[in-house]
Amino acid sequence: MFQKDPLLEQSTSPHSPQNIIPQQIRKNATVLDVGCNTGFLARILKKKKTITDGIDINDEALQKAKKYCRKVYKRDLYSGKFDIDKKQYDYIVFADVLEHLPRPDWLLLDAHNYLAKNGKIIASLPNIARAEIRLNLMLGKFDYTKGGILSEDHLRFFTRKNATEMFEQCGYIVEETIPTGLGHQLNILPELTAFQFIYICSQA
Numbered sequence: 000m001f002q003k004d005p006l007l008e009q010s011t012s013p014h015s016p017q018n019i020i021p022q023q024i025r026k027n028a029t030v031l032d033v034g035c036n037t038g039f040l041a042r043i044l045k046k047k048k049t050i051t052d053g054i055d056i057n058d059e060a061l062q063k064a065k066k067y068c069r070k071v072y073k074r075d076l077y078s079g080k081f082d083i084d085k086k087q088y089d090y091i092v093f094a095d096v097l098e099h100l101p102r103p104d105w106l107l108l109d110a111h112n113y114l115a116k117n118g119k120i121i122a123s124l125p126n127i128a129r130a131e132i133r134l135n136l137m138l139g140k141f142d143y144t145k146g147g148i149l150s151e152d153h154l155r156f157f158t159r160k161n162a163t164e165m166f167e168q169c170g171y172i173v174e175e176t177i178p179t180g181l182g183h184q185l186n187i188l189p190e191l192t193a194f195q196f197i198y199i200c201s202q203a
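Quick note on numbering: the sequence shown equals residues 0 to 203 in numbering that gives the first Met the number 0.
Treat the hints as calculated values from the structure; they're not laboratory data.
Misleading hints may appear alongside valid ones.
To be verified - Listed next, the in silico PhoX-like pairs over lysine-lysine satisfying Cα-Cα at most 20 Å (straight line): (1) LYS65 to LYS46; (2) LYS85 to LYS73; (3) LYS65 to LYS45; (4) LYS45 to LYS26; (5) LYS66 to LYS48; (6) LYS65 to LYS48; (7) LYS80 to LYS70; (8) LYS160 to LYS145; (9) LYS85 to LYS46; (10) LYS66 to LYS47; (11) LYS65 to LYS47; (12) LYS70 to LYS86; (13) LYS48 to LYS73; (14) LYS70 to LYS85; (15) LYS70 to LYS48; (16) LYS73 to LYS86; (17) LYS66 to LYS45; (18) LYS86 to LYS116; (19) LYS26 to LYS48; (20) LYS86 to LYS65; (21) LYS66 to LYS46.
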């Protein structure tokens with residue numbers, strides 16, 4: 000099972016998903032944070048009086064997450080199933096998670112069983128169509144890295160188009176996409192400038 004990059008968890012940029020995602024969640028909501036790591040998101044959301052449960056595979060991280068989460072579950076998401084207590088959440092968050100899974104669609108399908116009627120999926124995914132990746136492909140380069148868009152532990156790669164298609168095929172409506180990084184700051188040519196896209200989805 001993958002481990003999240005702790006530097007991403009600690010990002011202070013206003014244009015990062017770690018700071019954009021909490022803004023999309025209303026006060027007093029119930030949240031399932033998939034890949035919660037040390038509870039970074041739950042800690043921020045406590046200020047909005049949300050109730051957050053977390054899922055992760057890392058024992059050490061989950062011990063820290065317990066401080067901020069109502070309940071934590073140790074699960075290997077490669078199975079494509081949550082296999083947790085049946086609750087209905089207002090939001091299920093996949094922050095930098097789905098690209099690490101061999102079948103992210105299986106987990107998105109299972110999420111319907113845990114999402115409230117008017118609940119939303121919030122997911123951030125790296126943008127493989129970013130300009131620098133395209134340029135390197137033109138030069139014949141596709142080199143994996145320790146982190147970032149071409150992280151060596153990414154199993155799936157997404158453009159905004161094929162990510163939207165995945166959500167739709169799994170029974171969701173993409174209501175909004177928000178670019179991160181330079182794409183969020185400038186709002187110019189997001190397909191070329193965004194490091195990631197954040198997808199806000201409702202059930203179809």
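Evaluation of the provided hints:
1. Note on LYS65 and LYS46: the hinted pairing holds, with a Cα-Cα distance of about 16 Å set against a maximum of 20 Å.
2. Restraint check for LYS85 and LYS73: satisfied, since their Cα atoms lie roughly 15 Å apart, inside the 20 Å limit.
3. The hinted pair formed by LYS65 and LYS45 meets the criterion: a straight-line CA distance of about 13 Å does not exceed 20 Å.
4. With a C-alpha separation of about 9 Å, the suggested pair LYS45 and LYS26 falls inside the 20 Å cut-off, and the hint holds.
5. A threshold of 20 Å between alpha carbons decides the hint, and for LYS66 with LYS48 the separation of about 14 Å falls inside it, so the pair holds.
6. Distance restraint check for LYS65 and LYS48: the Cα-Cα separation of roughly 16 Å lies within the 20 Å cut-off, and the hinted pair is therefore satisfied.
7. Annotation: proposed proximity of LYS80 to LYS70 holds, straight-line Cα distance about 18 Å (limit 20 Å).
8. Proposed proximity of LYS160 and LYS145 is contradicted: the alpha carbons are some 26 Å apart, above 20 Å.
9. Straight-line distance between C-alpha atoms of LYS85 and LYS46 comes to about 25 Å, which puts the hinted pair past the 20 Å bound.
10. This hinted pair checks out: LYS66 and LYS47 have alpha carbons roughly 16 Å apart, not beyond 20 Å.
11. Straight-line distance between C-alpha atoms of LYS65 and LYS47 comes to about 18 Å, which keeps the hinted pair within the 20 Å bound.
12. Distance check on the hinted pair: LYS70 and LYS86 sit about 12 Å apart at the alpha-carbon level, within 20 Å; holds.
13. Between LYS48 and LYS73 the CA atoms are separated by roughly 24 Å; this puts the pair beyond 20 Å, and the hint is violated.
14. Distance check on the hinted pair: LYS70 and LYS85 sit about 13 Å apart at the alpha-carbon level, within 20 Å; holds.
15. Note on LYS70 and LYS48: the hinted pairing holds, with a Cα-Cα distance of about 15 Å set against a maximum of 20 Å.
16. For the proposed pair LYS73 and LYS86, the alpha carbon gap of about 16 Å is at most 20 Å, so the pair holds.
17. Taking the CA atoms of LYS66 and LYS45, the gap is near 11 Å; set against the 20 Å cutoff, the hint holds.
18. Distance check on the hinted pair: LYS86 and LYS116 sit about 12 Å apart at the alpha-carbon level, within 20 Å; holds.
19. Under the criterion of a C-alpha separation no larger than 20 Å, the hint pairing LYS26 with LYS48 is consistent with the structure, at around 6 Å.
20. With a C-alpha separation of about 18 Å, the suggested pairing of LYS86 with LYS65 holds against the 20 Å cut-off.
21. Taking the CA atoms of LYS66 and LYS46, the gap is about 14 Å. The hint holds against a cut of 20 Å.
Violated hints, in rising order: 8, 9, 13; the structure is consistent with all others.
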